[in-house]
Amino acid sequence: MAEKTFTVPIGPIHPALKEIESFILTVDGERVIKVDLDLGYSHRGLEYVVTHRCNPIQAIYIAERICGICSTSHPYAYVQSMEHAADITPPERAEIIRAIIAELERIHSHILWAGVAAHEIGFDTLLHWTWMIRENVLDVLETITGNRVSYAMYTIGGVRRDIDEKGIRQIRASAKYYREVFDKLVEVFVEDTTVKMRTRDIGILTREEAERQVAVGPTARGSGVPKDVRYDKPYSAYADLEIYPILPDEFTHEETKGDVYDRIVVRIFEVLQSVHILEDLCDLLETTPGPITYQQNLVVVLNQLKRAVGEGIGRHEAPRGEVFHYSMLNKREQPVVWKVRAPTYNNYASWIPMMKGAQIADIPIVIASIDPCLSCADRMTVVDERTGESKVMTLQQMREMGWRKTKEIRRRVK
Amino acid sequence: MVKRRVGMGPSPYKDDDVTYAYNGKKVIAVDGDELWRKIKENFGDEVEGEVKTFTAGVKRKKEYKEIWLKISRERFHDLVKWMNEIQPPHLAVASGRDAGEEIELIYHFSLFYGIRGREISVNVKVSLPKNDPVIDTITDVIPGALITEREKQEMLGIKVRNIPDPRRVFTSDELPEGYYPWRNDNDPEVEKEVVRDLSKEGL
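Protein sequences, first through last, are from chains A and B. Residues 1487 to 1900 in the working numbering are what the first sequence spells out, letter by letter. Residues 1435 to 1637 in the working numbering are what the second sequence spells out, letter by letter.
Just so you know, these hints were derived from the structure itself, not from any lab. It should be emphasised that the depicted structure is a prediction, and the values quoted were computed from it without experimental measurement. Even for Gly, the Cβ is constructed at its ideal location relative to N, Cα and C. Mixed in with the good hints, there may be bad ones.
[Unchecked claim] Simulated restraints on C-beta separations:
1) B/ARG1509 with A/VAL1899: 57 to 63 Å
2) B/GLU1475 with A/ARG1665: 49 to 55 Å
3) A/PRO1777 with B/ASP1451: 32 to 38 Å
4) B/GLU1475 with A/ASP1650: 52 to 58 Å
5) A/ARG1793 with B/GLU1508: 32 to 38 Å
6) B/GLY1443 with A/PRO1777: 30 to 36 Å
7) B/LYS1474 with A/THR1575: 28 to 34 Å
8) A/GLU1886 with B/PRO1598: 32 to 38 Å
9) B/GLU1508 with A/GLY1843: 37 to 43 Å
[Unchecked claim] Under the rule of at most 30 Å between Cα atoms (straight-line distance), these lysine-lysine pairs were calculated in the DSS-like manner:
10) A/LYS1792 with B/LYS1564
11) A/LYS1662 with B/LYS1495
12) B/LYS1472 with B/LYS1499
13) A/LYS1817 with B/LYS1626
14) B/LYS1486 with A/LYS1792
15) A/LYS1817 with B/LYS1559
16) A/LYS1652 with B/LYS1495
17) A/LYS1893 with A/LYS1842
18) B/LYS1593 with B/LYS1564
19) B/LYS1504 with A/LYS1817
20) A/LYS1817 with A/LYS1792
21) B/LYS1474 with B/LYS1499
22) B/LYS1634 with A/LYS1792
23) B/LYS1472 with B/LYS1486
24) B/LYS1559 with A/LYS1842
25) B/LYS1499 with A/LYS1792
26) B/LYS1493 with A/LYS1652
27) B/LYS1626 with A/LYS1792
28) B/LYS1504 with B/LYS1474
29) B/LYS1474 with B/LYS1593
30) B/LYS1593 with A/LYS1520
31) B/LYS1504 with B/LYS1472
32) A/LYS1817 with B/LYS1564
33) A/LYS1792 with B/LYS1559
34) A/LYS1817 with B/LYS1634
35) B/LYS1493 with A/LYS1662
36) A/LYS1817 with B/LYS1486
37) A/LYS1792 with B/LYS1504
38) A/LYS1817 with B/LYS1499
39) B/LYS1459 with B/LYS1496
40) B/LYS1459 with A/LYS1842
With the rest of the complex left out, here is chain A (with noise of 0.2 Å):
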């Protein structure tokens, strides 16, 4: 047993670590046999500040922070919710703009995320050249709405600005622009020797885990569950389209291991669903005139959710996985009930059998694997039960074992 056990505060800021939390995890030697998790460090109470001080409305703004890279995903199903519990239809236009900006929102953030993977496994022109195309999506998303990040788009009974002629064209260069670099992407995640080696069999999450531990989005899909609120439960236009979940079986024509590597797969390929998907609504776009929102004043918009009773729940599929929201009026200025529930609460728990029996040089590609999005930053917390001597280890001296891991792959592969 341990003559002495030591605690190393890890972090606080990584690129791939949004937000702040603890993993407590018991070492013996290079292998991680026991994990802990401690949570919360971000925890800004923001349901508590919906329901005693925001109304409706301006709840969309605060929605719309709770996130920085998947910023369209908390309003969109926060409207939905809300248009639930107050009983408003938005317009089809609307509805079309919608999933068009959680589109492009996947696009950059899955691209992002490749960049991330790349570099917590040593290959930083990856991370440059991934986030050199991200750029071109961002651009679109700028002169669409204004905005890179918190595009403000969503509101109650529709959307705030219209998406006219020279936008869907610039949609459609920008889905070219991906069709054609997406071979390149493929070249260097999917198929490329080194990445897969060093990918292969890291942080499993069996089908059988992620199922009974409700995992959602890429991380499920990548354990072979075919789980999409876009295909499961159809909302907004996605209804008129014919998605269906990508898991990485079909791509890698060998046995799903949900494995880091069955993650990346996913999330390569769904760029390209995403590039597909925006063509299909930029045609549906096109064929549908008509107002964006059901009412375009919003003191009517306001004094309509003052007077109404009712429940609601929204559900999006984001690039980390499913959004939900739960929302509540009962003639009150504000919400009564505001529940937010983010992808990354419900895949917290995978992280616990992908860690165990890895190496804490996989560590920060696993953690990184699920595309964590907490809130800023983190800490680990690493416990050795063997040796008595105590040493400090920062996340870069981690990050550092990662590459020397790659390094290694690599020079076999050589």
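Since the structure of chain A is provided, determine the placement of chain B on it from the hints.
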């Protein structure tokens, strides 16, 4: 390399109202009304609720259904086990509110994921009296429910019986015992200590 429309078109997986759970168990989707009838059949007068219908889509409208029901806390665990027999249910989250004399929990499950357009949300409400806010854990059926159960304990002051890990998740250790952020009946003195409006303080 990839020429066909990836992720679009007919599914390469099982599509026709059938999917398979991780243990190979065959899952056959049923309509929302039919599922509600089955729940009624098994739980009789102990459940009350309704089936809500919504429409999605632009040119091709599609209907989808949600079940909203209320059940006693004694039978709640049985309902979860009953759903688990159909398919390991997806638990989105449990939300809750302070409803005066009672605390109302809402567990948002869904069944029949993995089948195109057939998923049904099952929202289960359970009321707990404030003087005895105890509910059984469902982590024995759905291990992934742990974090949401821990969160309900710290936010609403309920007790989850047999919970494997009762620690706090999101609130800090400095938060005084007996203060629950989502409750309306907190001591105003403690509330004043805990809640600060930073914009009014000029921060």
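Can you confirm whether the C-alpha distance between B/LYS1504 and A/LYS1817 stays at or below 30 Å? 22 Å, holds
Are B/LYS1593 and A/LYS1520 close enough, with their CA atoms no more than 30 Å apart? It holds: about 27 Å lies between the C-alpha atoms, which stays within 30 Å.
Given the proposed pairing of A/LYS1652 with B/LYS1495, does the C-alpha separation stay at or below 30 Å? Between A/LYS1652 and B/LYS1495 the Cα gap is close to 28 Å, so the pair holds against 30 Å.
Regarding the pair A/LYS1792 and B/LYS1564, is the alpha-carbon distance no greater than 30 Å? 28 Å, holds
Are the Cα atoms of A/LYS1817 and B/LYS1634 separated by 30 Å or less? Given that 30 Å is the threshold and the Cα spacing comes to 27 Å, the pair holds.
Restraint check for B/LYS1474 with B/LYS1593, where alpha carbons must lie at most 30 Å apart: This hinted pair holds, its Cα atoms lying about 28 Å apart.
Holds or violated: B/LYS1459 with B/LYS1496, Cα cutoff 30 Å? 28 Å, holds
Between B/ARG1509 and A/VAL1899, is the Cβ distance one that fits in 57 to 63 Å? 59 Å, holds
Does A/LYS1792 sit within 30 Å of A/LYS1817, going by the straight-line distance between their CA atoms? 5 Å, holds
Has the hinted range 49 to 55 Å been met by the Cβ atoms of B/GLU1475 and A/ARG1665? 52 Å, holds
Just to be careful, I want the Cα atoms of B/LYS1559 and A/LYS1842 compared with a cutoff of 30 Å; is the pair within it? 36 Å, violated
Against the 30 Å threshold, does the CA-CA distance of B/LYS1486 and A/LYS1792 hold or violate the hint? 22 Å, holds
The structure fails hint 24 only (numbered hints given earlier).
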